[in-house]
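A.B. asks: Listed below, chain by chain, are the residues.
Protein chains: 6
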Amino acid sequence: MVDVIALGEPLVQFNSFTSGPLRFVNYFEKHIAGSELNFCIAVIRNHLSCGLIARVGNDEFGRNIIEYSRAQGIDTTYIKVDKETFTGIYFIQRGYPIPMKSELIYYRKGSAGSRLSPEDVDETYIRSARLVHSTGITLAISDSAKEAVIKAFELAKSRSLDTNIRPKLWSSLEKARETILPILKKYDIEVLVTDPDDTKILLDVTDPDDAYRKYKELGVKVLLYKLGAKGAMAYKDNVKAFKEGYKVQVEDPTGAGDAMAGTFISLYLQGKGIEYSLAHGIAASTIVITVRGDNELTPTTEDAERFLNEFKT
Amino acid sequence: MVDVIALGEPLVQFNSFTSGPLRFVNYFEKHIAGSELNFCIAVIRNHLSCGLIARVGNDEFGRNIIEYSRAQGIDTTYIKVDKETFTGIYFIQRGYPIPMKSELIYYRKGSAGSRLSPEDVDETYIRSARLVHSTGITLAISDSAKEAVIKAFELAKSRSLDTNIRPKLWSSLEKARETILPILKKYDIEVLVTDPDDTKILLDVTDPDDAYRKYKELGVKVLLYKLGAKGAMAYKDNVKAFKEGYKVQVEDPTGAGDAMAGTFISLYLQGKGIEYSLAHGIAASTIVITVRGDNELTPTTEDAERFLNEFKT
Amino acid sequence: MVDVIALGEPLVQFNSFTSGPLRFVNYFEKHIAGSELNFCIAVIRNHLSCGLIARVGNDEFGRNIIEYSRAQGIDTTYIKVDKETFTGIYFIQRGYPIPMKSELIYYRKGSAGSRLSPEDVDETYIRSARLVHSTGITLAISDSAKEAVIKAFELAKSRSLDTNIRPKLWSSLEKARETILPILKKYDIEVLVTDPDDTKILLDVTDPDDAYRKYKELGVKVLLYKLGAKGAMAYKDNVKAFKEGYKVQVEDPTGAGDAMAGTFISLYLQGKGIEYSLAHGIAASTIVITVRGDNELTPTTEDAERFLNEFKT
Amino acid sequence: MVDVIALGEPLVQFNSFTSGPLRFVNYFEKHIAGSELNFCIAVIRNHLSCGLIARVGNDEFGRNIIEYSRAQGIDTTYIKVDKETFTGIYFIQRGYPIPMKSELIYYRKGSAGSRLSPEDVDETYIRSARLVHSTGITLAISDSAKEAVIKAFELAKSRSLDTNIRPKLWSSLEKARETILPILKKYDIEVLVTDPDDTKILLDVTDPDDAYRKYKELGVKVLLYKLGAKGAMAYKDNVKAFKEGYKVQVEDPTGAGDAMAGTFISLYLQGKGIEYSLAHGIAASTIVITVRGDNELTPTTEDAERFLNEFKT
Amino acid sequence: MVDVIALGEPLVQFNSFTSGPLRFVNYFEKHIAGSELNFCIAVIRNHLSCGLIARVGNDEFGRNIIEYSRAQGIDTTYIKVDKETFTGIYFIQRGYPIPMKSELIYYRKGSAGSRLSPEDVDETYIRSARLVHSTGITLAISDSAKEAVIKAFELAKSRSLDTNIRPKLWSSLEKARETILPILKKYDIEVLVTDPDDTKILLDVTDPDDAYRKYKELGVKVLLYKLGAKGAMAYKDNVKAFKEGYKVQVEDPTGAGDAMAGTFISLYLQGKGIEYSLAHGIAASTIVITVRGDNELTPTTEDAERFLNEFKT
Amino acid sequence: MVDVIALGEPLVQFNSFTSGPLRFVNYFEKHIAGSELNFCIAVIRNHLSCGLIARVGNDEFGRNIIEYSRAQGIDTTYIKVDKETFTGIYFIQRGYPIPMKSELIYYRKGSAGSRLSPEDVDETYIRSARLVHSTGITLAISDSAKEAVIKAFELAKSRSLDTNIRPKLWSSLEKARETILPILKKYDIEVLVTDPDDTKILLDVTDPDDAYRKYKELGVKVLLYKLGAKGAMAYKDNVKAFKEGYKVQVEDPTGAGDAMAGTFISLYLQGKGIEYSLAHGIAASTIVITVRGDNELTPTTEDAERFLNEFKT
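Protein chains in written order, with the numbering used here: chain A, 4 to 316; chain B, 4 to 316; chain C, 4 to 316; chain D, 4 to 316; chain E, 4 to 316; chain F, 4 to 316.
Hints in this document: simulated from the structure, not taken from any laboratory. Because the structure is a prediction, the values reported are computed rather than measured. The beta carbon of each residue, even a glycine, is placed where N, CA and C say it ideally should be. Some hints could be false.
[To be verified] Just the calculated beta-carbon pair ranges, DEER-fashion:
hint, chain 1, residue 1, chain 2, residue 2, range
1, E, Glu308, B, Glu308, 54 to 60 Å
2, D, Leu107, F, Lys233, 32 to 38 Å
3, C, Glu122, B, Pro170, 57 to 63 Å
4, F, Lys160, C, Glu122, 45 to 51 Å
5, B, Glu150, F, Lys233, 54 to 60 Å
6, F, Glu122, E, Lys171, 53 to 59 Å
7, B, Glu126, A, Glu181, 43 to 49 Å
8, E, Glu181, D, Leu107, 55 to 61 Å
9, B, Lys86, A, Leu158, 38 to 44 Å
10, E, Glu308, F, Val84, 17 to 23 Å
11, F, Lys233, D, Lys171, 33 to 39 Å
12, B, Leu107, F, Val84, 21 to 27 Å
13, C, Asp207, F, Glu122, 40 to 46 Å
14, C, Leu184, B, Glu87, 53 to 59 Å
[Stated by the list, open to error] Computed list of lysine-lysine pairs in DSSO-like fashion (alpha-carbon distance at most 27 Å, straight line):
hint, chain 1, residue 1, chain 2, residue 2
15, E, Lys104, A, Lys250
16, C, Lys224, C, Lys275
17, B, Lys160, B, Lys233
18, E, Lys250, A, Lys250
19, F, Lys112, C, Lys149
20, B, Lys104, F, Lys250
21, B, Lys203, B, Lys178
Excised from the complex, chain A in its bound form (with noise of 0.2 Å):
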């Protein structure tokens, strides 16, 4: 039994070793990602326990998976192989055509991550953890994978979401909205991960307050905004907090959120503040972004302390 579980697709990354588009590119790096599963790493690294529903494909991929996770300490009871079909992979490009940005080129369309299914979510598991996790990619890879979802967030205590909205995995971004915001209404959401670019589709509001204003009115109780480089707010019962962006050296900034939103929840759920919640949350992202993978950097509670006591820009 875990204090945190997580729904959605753990996936193999190839980062490109060196910058620019794919095809000048000539070695790729493998990493595992996958948004919820950085997410997972994050609240276990901040020492709360964390487990993993998903599925992955009866091969290598499928496998490494398996076994990063499970180094990681995520609880991979939950992660089930599927015989049926492939593990889910990603390219990144880095640098191009926007420098200290990256592109994701996905090969997931029918992967075994995508068939996460309601059978898959425990009821038992599910009730016995403090909070339930997942994000608008699993609401988007498949009608199953969202079914998982709402069967999970009925039966969880408490519930986040990060509304995560990758244009490529909708067929329309009024999809996206008519995929989220009914979820939104339907369960109270202890904390919402979102930014600006996602509320203008969910809410066509941009504003930090206009949104936790209309958030709070669908029942949301937490709201984490980010700002990107310009750092990230936190409001709860009317209380806002703002922690500027650290200026670092950006390798890829993939991850950052899942980063952000891993480390400001396990905090949050053990009882921090969330301005405190939030500074760790900045410092979790500040550091990944300095490297390729999500997750590897993504800092311990005390490690960020020392981030956010040492670093100066």
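We have chain A; now place chains B, C, D, E and F onto it with these hints.
C.D. replies: Showing chains B, C, D, E and F alone in chain A's frame:
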């Protein structure tokens, strides 16, 4: 207008930088491959022109295939960019569980390349070529691709086929036989490239002489019969040639058969005898297996000559 | 027949894998470069066609240049293989003694590329193009190369020149001035690409406005005036535009000027205003300096557009 | 509770990226190894469970060992983090002065692993296992480690020992003999793994039959006698089996013996005959020496089966 | 006979190829380092001769240190091969948990280098040099090493000391103070290199002017006071100089202080003013932190000159 | 003063990181080489001292050669920095078109090394040495280099020559013969190193016994006759020795002959018999071909001993 035309799916290959199960491989090296693309390069290195009829996705990997093909002198006029879907890729696991052997892990289902269809086959282009080539892979990847091969064979002056039965691509071996055999029967095959494993599936014999007799009855004119590390045989007009394989340090055997087929057929079309063409084919496959990458080391006629004169095992 | 023709020496570049004095560098990464080749790629990425008049040696590096050029869409009809001598190469020492700057170490004396000569310049080809481009490098590498440029300029509809004075290639700076100035005087230059250092040598001024006035008197129609990290200016018909440079993580500034020149000129030839062309030129040079390799990351018009809209320093 | 328990020091291995004296090696590749850890992985790949009793330091390398062990399925309950000292490491020099052979350079004196002690040996854990394994290395690294082995052997249902005499770890060969022989005498050894070199030291014989006779007198039930590249022999109940070694391209022979021992013992414990177990052991050691890394390629029972059926030297 | 002599432990450095916790680093890059060795190279790059009094093990790493030192022009006459023990090494973890900062993990306890002793200090050699240098590291690694420094300081014409307090090497900070302060008091220190952290420990002040006053009272003639990224100050005869740090892309700050110290002292000994020497020292430390490796990029006087003239942040 | 002196051009070698035509190689690994430099290192590893008379350019590659030579113990007193021109370099293409063979592509025409001249040959230095060595390469690269060898041979106590005829460096094979034969005739050669190919050119025989008879007539005292992979023979006083070659995994055969020559001659000069010296020479060449780099793995006498005792093919 070109001497030879091949139809098939070009792929981006991610070759393991180190040997062993993929989950332990940290770096992957990109190459451009695909059986018919490899074949084309071998044809060209032996001084005939060659065009590839194929589809790639509208993505970096598709552009990579076109640029590489163009660089290597392939006529890319009929490589179509299919905006609906992605470019097929595959991973190579080397040396496990069999040292010096490789396993291929495909991400090509639903790929642009598999959507090759009769509409991609230009009648004038086909009629102008001396020979049209394809493989059992193209016959396996989709119905439309198979139809494209049939249309091209219908229009072709002369045909070559490499049976190349990859069990992973067929629903069953019966399906492979039921697809390939009728094509062998219907179209006079100028040069058939195959091996004992495929012949066992197709004709239930493995002995080279038996195989030749049976294939000849089906209308095959020249048979190139590959025997793996042992070498290869060639038959024409009841004359047979045998060339023993060379012992070299093997890095990755993938692509060896394509190099042999393209070399043999290119030289044969230029009027060289089967013994000469076979020796050069063996030279090509021998050199190719010493490296990662299927076609970069495919030798020119002159370089194969040097190999045959100078190489001492 | 192509829109733009460039004359110059393509080179194989060996870029240091790690920064510092070359004697401490253990690995070198191969790229294909040369100022005019870089320029051609920028022209093509912005959707005009471009041909390169050049010589390479009859060796692997020469073949590499031709294959790469062909891959990138350069018309290679007039890249001649000179069997008498070798292909020119150079090494790049990065970050020493000036961080973010590079030093070039040439092995090009007596190279095939430096043997470019008027006989390589085909009259019909030149007359058919909208613009002929070369650089101060081509004027420096040999008398015959200089004569080739003069012959091409003589026949051209329109001309562009990048002064590109590399002190190592000239016996003295006077020699550079005495060679370049008469060409500026004799031929109306449609677009001149230069910077304060070169203008100091040529005209003994550095101020942009002064420079423009003086170059205009010499018949220059459009001036692209590069200011390094600060950005660049463009002048036409007494109108001037300035575009500030962007702050990015610099890996190797080599090739930035060529990307800017080719982008600017390609867009200018397509009727874009100098402000638009300049902004795209800056986008191109900014992206190119974030990596090793001079031209792989030169953006298409559309990708530069994205950069200009989305990049936040 | 696990089937097999091993006691020993897990180590971080830094394997030379290129062959030759270490002073000429610029890059090192990290692996997780140690004779007993390698053994455990082989046991697990053959479908028994295995736990490792060991100590690591409270540092990144210690965490690395625990995470890797957990990933590979080793029961890490009894891997203790010793905060007093560091995790042991070693370097591998490959191919010099003997091609295809390796030299090990240890930094393990005073390491956490060498502080293994009887207090780390849990009686209930030991009693529950079918077999307890250790090696001459553990007997050599410290008195407390030796006492830990003795305590475990005392409590064990059944024991296996790999003599593994590394001269660098012993003050003298006499000391090795005086330590190992009494243990052989006192405890019935179910499976003894050794070779002619070690047997020469222990019993002053090298001939396999002589060795078996003498070891049998000491209470050894099954003998696995490794003959290097020549293969290996196994004896049980006066029946002997011999399996010839396979010729493969050797990258690093380190760990081959551990893979063979773990495979043999795992299968033997599952009731397989010595011939079958020996063949699989030879398969395992053959595959392992083709790469850097001691245990990543240790085959599963099924993969070893494929090797034995398909590999042609 | 040399101008400058340094006493200290040269080490082999294994620098992480990628940033982050060591357990996620797969490749390590070897460099030769050690504070006093770095110092010597800086002295030599600024055109004085320098010898290193040290011990290395009778192993490949020891040979590596000697060969590298010899290559870089260090007088290796008094680098003794100690056959009793091993050569000290260390690992560098970069960028975690603090981006742009490094953590050092030593394997040097009991190393040959730490066995440096007074018997290694040749009186004639010491007396012939203009200055003898050591650091707080050498004072920390062993009593015999400390005694060696004291013997050398006793015999020296002139002395410089870099306090370099590495908490990991001292049992307590008090121990550091109790060791270093008496040496400062007893021996007139020509040049003291230190920073606010060390000065806090030694004298309980951090303000530069306070520090200078107090150090001066202890007999220090010239003070080089390092302020990290902010720059550094130098004091002599109550005159002070300040040089601001430059902003560059940081790869690894290790060794920056040694480069600054060696450069400053070498130039100071050649009669350059403290402002000039300080500027060159800052140039050296700035260039060094842009790469892995402590001393390869330490600039010559001329290259630092170029940096100071041409570098624009 | 040294035991042995060699005259020749040291070069920087860029070895292909992967096998195949250079145009497909993306990374190159730098090594320091040159036939006579390789020879010197072999002499030194076998415990005689050796100096190299040579020129390098005033550039990083020149400094690299000097530093490496110094590191390896070569007396660099007479390596002159020639400010007029560049340091010679070459590329190695491995495994194409002949697996396990290499092709050398030189950029050395007009290099500093080729400007070696009689003025570089110090009479006292030469007279003090026991033997002076050079090769057919030095005789080929320039007239002045040839004259330098002649001057040195004139003054030498004793001479050795490696015929080393590289067809690319000679205008014709006749020219090679006309240059080398007179030197053989004029100067008593203590040790001649050659092979059947060179002997065919020089004397029109290839049989070892015939070759020895003819060379002996020309005044050669000891003949080392290399037979490639087959091994080598040595003759002295009508006694002959043969040592078979060992079968190893070949990475790059470049430099094998130099290692054999230097080892043989160093041991011969120390009074070892030709059989012993030949065996060590074969050990050296065998080890060297297993890696990239010509001299790093050249064994010491003791390590060759170990190889000869322990290596099993």
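A.B. asks: Taking 21 to 27 Å as the stated bounds, is the beta-carbon spacing between Leu107(B) and Val84(F) within them?
C.D. replies: 54 Å, violated
A.B. asks: Just tell me: holds or violated, for the beta carbon distance of Glu308(E) and Glu308(B) against 54 to 60 Å?
C.D. replies: 58 Å, holds
A.B. asks: Decide if the proposed pair is consistent with the structure: Lys250(E) and Lys250(A), CA atoms, cutoff 27 Å inclusive.
C.D. replies: 13 Å, holds
A.B. asks: Note whether the CB distance of Glu181(E) and Leu107(D) lies within 55 to 61 Å or breaks it.
C.D. replies: 41 Å, violated
A.B. asks: Using the Cβ atoms, figure out if Lys160(F) sits within 45 to 51 Å of Glu122(C).
C.D. replies: The hinted range 45 to 51 Å is violated for Lys160(F) and Glu122(C), with Cβ atoms some 57 Å apart.
A.B. asks: Below or equal to 27 Å on CA atoms is what counts here, so check Lys104(B) against Lys250(F).
C.D. replies: 22 Å, holds
A.B. asks: Has the given pair, Lys203(B) with Lys178(B), been kept, meaning a C-alpha gap of at most 27 Å?
C.D. replies: Distance of about 14 Å is within 27 Å: holds.
A.B. asks: Regarding Lys86(B) and Leu158(A), is the given constraint of 38 to 44 Å on their beta-carbon distance met?
C.D. replies: 42 Å, holds
A.B. asks: Mind checking the hinted window 53 to 59 Å against the Cβ distance between Leu184(C) and Glu87(B)?
C.D. replies: 57 Å, holds
A.B. asks: Using the C-beta atoms of Glu122(C) and Pro170(B), is the stated range 57 to 63 Å upheld?
C.D. replies: 59 Å, holds
A.B. asks: When you check the alpha-carbon spacing of Lys224(C) and Lys275(C), does it fall within 27 Å?
C.D. replies: 15 Å, holds
A.B. asks: Take the C-beta atom of Glu150(B) and the C-beta atom of Lys233(F), compute their distance, and say whether it sits inside 54 to 60 Å.
C.D. replies: 57 Å, holds
When the structure is compared with the earlier hints, violations turn up for hints 4, 8, 12, 17 and for no others.
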